[in-house]
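Q: If you're matching them up, the sequences are chains A and B in order.
Numbers in my numbering are just positions in the first sequence, counted from 1, shifted up by 714.
Numbers in my numbering are just positions in the second sequence, counted from 1, shifted up by 630.
Just so you know, these hints were derived from the structure itself, not from any lab.
Glycine included, each C-beta is placed from N, C-alpha and C at the ideal position.
A portion of the hints provided could be inaccurate.
[Said to hold, decoys possible] With a Cα cut of at most 25 Å, we get these calculated DSS-like pairs of lysine-lysine:
id, chain 1, residue 1, chain 2, residue 2
1, B, Lys650, B, Lys685
2, B, Lys650, B, Lys696
3, B, Lys644, B, Lys696
4, B, Lys650, B, Lys694
5, A, Lys782, B, Lys650
6, B, Lys644, A, Lys756
7, B, Lys644, B, Lys694
8, B, Lys671, B, Lys685
9, B, Lys650, A, Lys756
[What the hints assert, rightly or not] Here are some, though not all, of the chain A residues that point toward chain B, as calculated from beta-carbon distances under 8 Å:
id, residue
10, Gly757
11, Arg771
12, Gly821
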Amino acid sequence: GESVGLHLPTLSVQEGDNSIINCAYSNSASDYFIWYKQESGKGPQFIIDIRSNMDKRQGQRVTVLLNKTVKHLSLQIAATQPGDSAVYFCAEGAWAGNNRKLIWGLGTSLAVNP
Amino acid sequence: GAVVSQHPSRVICKSGTSVKIECRSLDFQATTMFWYRQFPKQSLMLMATSNEGSKATYEQGVEKDKFLINHASLTLSTLTVTSAHPEDSSFYICSARDGARRLNEQFFGPGTRLTVL
Chain A
715 GESVGLHLPT
725 LSVQEGDNSI
735 INCAYSNSAS
745 DYFIWYKQES
755 GKGPQFIIDI
765 RSNMDKRQGQ
775 RVTVLLNKTV
785 KHLSLQIAAT
795 QPGDSAVYFC
805 AEGAWAGNNR
815 KLIWGLGTSL
825 AVNP
Chain B
631 GAVVSQHPSR
641 VICKSGTSVK
651 IECRSLDFQA
661 TTMFWYRQFP
671 KQSLMLMATS
681 NEGSKATYEQ
691 GVEKDKFLIN
701 HASLTLSTLT
711 VTSAHPEDSS
721 FYICSARDGA
731 RRLNEQFFGP
741 GTRLTVL
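With the rest of the complex left out, here is chain A (with noise of 0.2 Å):
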């Protein structure tokens, strides 16, 4: 199943089958790009980053892309299961003054059905 997040979409997958959730951002200087994953009632838990020289980046069941061109950005999980079941925000990273600051993306949220 695939999304796009311009609001905060849902995305309804069987359980086993790849997600696609994609997200586009605004800041053409962005250099920093991450995905969390948010369950109900919890703090954002890190997925994966990229960095701005990256346009793939693989992990455990993840993977993410980034076109920078479009400023689009991917997060692909493999084999979807009920515990991927969570909103998922695409976040990037924006400096102010010493600091960054992450800007984030709208959310999508991802519901794995067994």
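Add chain B to chain A, keeping to what the hints say.
A: Same frame as chain A, but now just chain B:
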């Protein structure tokens, strides 16, 4: 490693009272801490950035006199919501940056659910 705690996890208070939320880095020194608020089914909104020993930098539209932030030590930052009103009810989340690690990493606390009656 890199654990951030928040206390309390949830608080209910009457309108007009002040509420203090603590954010602690348990196993590292947090040179910078960030405070966010999150409304239901919405994204995180950065409220302020605080560096240890200096005044917090507030985002546009966030009232610094209403949301008092203190970062007096390298392991503790507090957010005080003064004269809370029902519209301040939200999920407040802190994050901390480890001064010994690369600049990009932020470690998040579990959040504090504030309900103002």
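Q: Work down the list of hints and note, for each, if the structure agrees.
A: Here's how the hints hold up against the structure:
no.: 1; hint: B/Lys650 with B/Lys685; result: holds, 17 Å
no.: 2; hint: B/Lys650 with B/Lys696; result: holds, 12 Å
no.: 3; hint: B/Lys644 with B/Lys696; result: holds, 16 Å
no.: 4; hint: B/Lys650 with B/Lys694; result: holds, 14 Å
no.: 5; hint: A/Lys782 with B/Lys650; result: violated, 41 Å
no.: 6; hint: B/Lys644 with A/Lys756; result: holds, 24 Å
no.: 7; hint: B/Lys644 with B/Lys694; result: holds, 21 Å
no.: 8; hint: B/Lys671 with B/Lys685; result: violated, 31 Å
no.: 9; hint: B/Lys650 with A/Lys756; result: holds, 19 Å
no.: 10; hint: Gly757; result: holds, 4 Å
no.: 11; hint: Arg771; result: violated, 13 Å
no.: 12; hint: Gly821; result: holds, 5 Å
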